[in-house]
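Trainee: Residue numbers (full-length UniProt numbering), protein chains in the order written: chain A, 1 to 238; chain B, 1 to 163.
These are computed hints drawn from the structure, not numbers from a lab.
Heads up, some of the hints might be wrong.
Claimed, not checked - Partial pick of chain B residues on the chain A-facing surface, computed with a CB cut under 10 angstroms:
| # | residue |
| --- | --- |
| 1 | Leu-9 |
| 2 | Met-23 |
| 3 | Ala-26 |
| 4 | Lys-40 |
| 5 | Val-55 |
| 6 | Asn-101 |
| 7 | Thr-106 |
| 8 | Ala-119 |
| 9 | Tyr-125 |
| 10 | Ile-134 |
| 11 | Leu-136 |
| 12 | Val-139 |
| 13 | Ala-146 |
| 14 | Leu-151 |
As the list claims (entries may be wrong) - Here are the simulated BS3-like pairs of lysine-lysine, each with C-alpha atoms no more than 25 angstroms apart in a straight line:
| # | chain 1 | residue 1 | chain 2 | residue 2 |
| --- | --- | --- | --- | --- |
| 15 | B | Lys-40 | B | Lys-50 |
| 16 | B | Lys-50 | A | Lys-66 |
| 17 | B | Lys-95 | B | Lys-155 |
| 18 | B | Lys-94 | A | Lys-144 |
| 19 | B | Lys-7 | A | Lys-66 |
| 20 | B | Lys-36 | B | Lys-54 |
| 21 | B | Lys-54 | A | Lys-66 |
Bear in mind the structure is a predicted one, so any value in this text is a computation, not a measurement.
Beta carbons are placed, not taken as given, at the ideal position from N, Cα and C, and that holds for glycine.
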Amino acid sequence: MNISNEQLSAFLDAELPETEMQAIRERMAQDDELAMRLAELAQVDEWVAEHASQIDQQPVPAAITKLLNVENNVVQLSAWRKVQNQLSQHAALAAGVALCFGLVIGQSSQTESVLPEQQLSASLAEVLNTANSGDAITLTAGVKMTPRLSFVSQNGQYCRQYSVQSQAGQNDSIACHGSTGWQLAASTYSDGLSQSGEYKTASQNVLLDSVIDQLIAGPALNKQQETQAISQAWIVKP
Amino acid sequence: MQQQLLKLLPMLRRFAYSLTGSMADADDVVQITIEKILTKGMPADVELTKWAFKVCRHVWIDEYRARKVRQGAAENPELQEEPSVDDSVRLDQKKTLSQVNVAMQTLPDDQRSILALVAVQGFSYKEVSESLDIPLGTVMSRLSRARTSLLTMMKAQQGRLTA
């Protein structure tokens, strides 16, 4: 059976009839070249998604936030996450191919969600892992990151609010620590720093506060609790 | 409606950036899209997400591009607009992403839209079909062509760089 690019592409999206899906899975288990073709197609999607996500780092223009009638351009990622969750089968399959193509393709029905676009970069995650709130850590010349607040979410995860400041502006975000590390939960941007270069307090940012209100369970962590969370790698102990 | 659009904003920006290859153009397209939806409303029987992507694509193809001289893909406009905040992106990743940008710009409009909706937004074929008003089989074939064309172009670009 020759498997066309169109079939393989639709297989990647789990859009073929189940009998056809199964036939390709069986073939895939024995045909390394076919598995490689599938891995390459999955790579294309990763490239395209990663390329598109670059615009997340760009502040939303004031004209757009004005249209949407919000003071600060807070962008909650819940809708994006929902869509990404729908991707789970596709993403899990792609991940499976990337990790061990040709070996366990038959397990494509796994449903664990893979959200690489929202995973924090290693340098940001390292600061969240190790720095107490209030500590300003220089990431590179002119760019510093400061964790601001830590709390436990209603989902039982540790979450941290932090800011990244540069000449270009200030990015305030909230990330929560899940099984795959730090995941972005919400992000806000503002152009430029205040005249003195000081941090704009979170309380000025009503919408970011509202995101914290939705997430938080109980009070924010004090310094002792935060240090303990750092020592246990931000894994919530039962 | 504004709150719903606010939630959609990151997805719309990613979609528009995939289509235009320029962050400034993407935000212009998104702004026009939101203006249109807010001022003209939408059909009662349509889901806002699908409608927003439909309007966004329409703005890009029929209005925005017609007004603006299209930038050559080889200019890599996003290189000048690269945000300075995130320093963690390695140089080779940037190169790869600029190659993706070049390759995306060479895809036919329909293929680029479909690839962006599936790979970036996670739409099912049915959702793409409804959003773009094209048959399901056409979604499947154009998406496949888009993926294989982009892969071929990326291989060619990377081969040229390493040769």
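Trainee: Each hint should be assessed against the structure and marked as holding or not.
Mentor: Results for each hint:
Interface hint at Leu-9/B: satisfied, since its Cβ lies 6 angstroms from the closest Cβ of chain A, which is below the 10 angstroms cut-off. Residue-level restraint check for Met-23/B holds (minimum Cβ-Cβ distance to chain A is 5 angstroms; threshold 10 angstroms). At its closest, the beta carbon of Ala-26/B sits 6 angstroms from a beta carbon of chain A; the interface hint therefore holds under the 10 angstroms criterion. The restraint placing Lys-40/B at the interface with chain A is violated, with a minimum CB-CB distance near 13 angstroms, outside the 10 angstroms limit.
At about 14 angstroms, the closest approach between the beta carbon of Val-55/B and any beta carbon in chain A exceeds 10 angstroms, and the interface hint on this residue is violated. The beta carbon of Asn-101/B comes within 6 angstroms of a beta carbon in chain A, closer than 10 angstroms, and the hint placing it at the interface holds. Interface hint status for Thr-106/B: violated, as the beta-carbon distance to the closest one in chain A is roughly 13 angstroms, over 10 angstroms. The beta carbon of Ala-119/B comes within 4 angstroms of a beta carbon in chain A, closer than 10 angstroms, and the hint placing it at the interface holds.
Below 10 angstroms, beta-carbon pairs count as interface contacts, and Tyr-125/B has one with chain A at about 5 angstroms; its hint therefore holds. About 15 angstroms separates the beta-carbon of Ile-134/B from the nearest beta-carbon of chain A, more than 10 angstroms, and the hint is not met. Look at Leu-136/B: its Cβ gets to within about 9 angstroms of chain A, closer than 10 angstroms, so that hint holds up. With its C-beta approaching chain A no nearer than about 9 angstroms, Val-139/B sits inside the 10 angstroms limit, and its interface hint holds.
Using the Cβ-Cβ criterion of 10 angstroms, the hint placing Ala-146/B at the interface with chain A is satisfied: the shortest such distance is roughly 8 angstroms. At its closest, the beta carbon of Leu-151/B sits 5 angstroms from a beta carbon of chain A; the interface hint therefore holds under the 10 angstroms criterion. With a CA separation close to 16 angstroms, the supplied pair Lys-40/B and Lys-50/B stays within the 25 angstroms bound. Distance check on the hinted pair: Lys-50/B and Lys-66/A sit about 23 angstroms apart at the alpha-carbon level, within 25 angstroms; holds.
Between Lys-95/B and Lys-155/B the alpha-carbon distance is near 13 angstroms, which keeps this suggested pair within the 25 angstroms criterion. Taking the CA atoms of Lys-94/B and Lys-144/A, the gap is about 21 angstroms. The hint holds against a cut of 25 angstroms. Our distance criterion of 25 angstroms between C-alpha atoms is met by Lys-7/B and Lys-66/A, whose separation comes to about 15 angstroms. Restraint check for Lys-36/B and Lys-54/B: the C-alpha separation of about 12 angstroms stays at or below 25 angstroms, so the hint holds.
For a cut-off of 25 angstroms, the pair hint linking Lys-54/B to Lys-66/A stands: about 22 angstroms separates their Cα positions.
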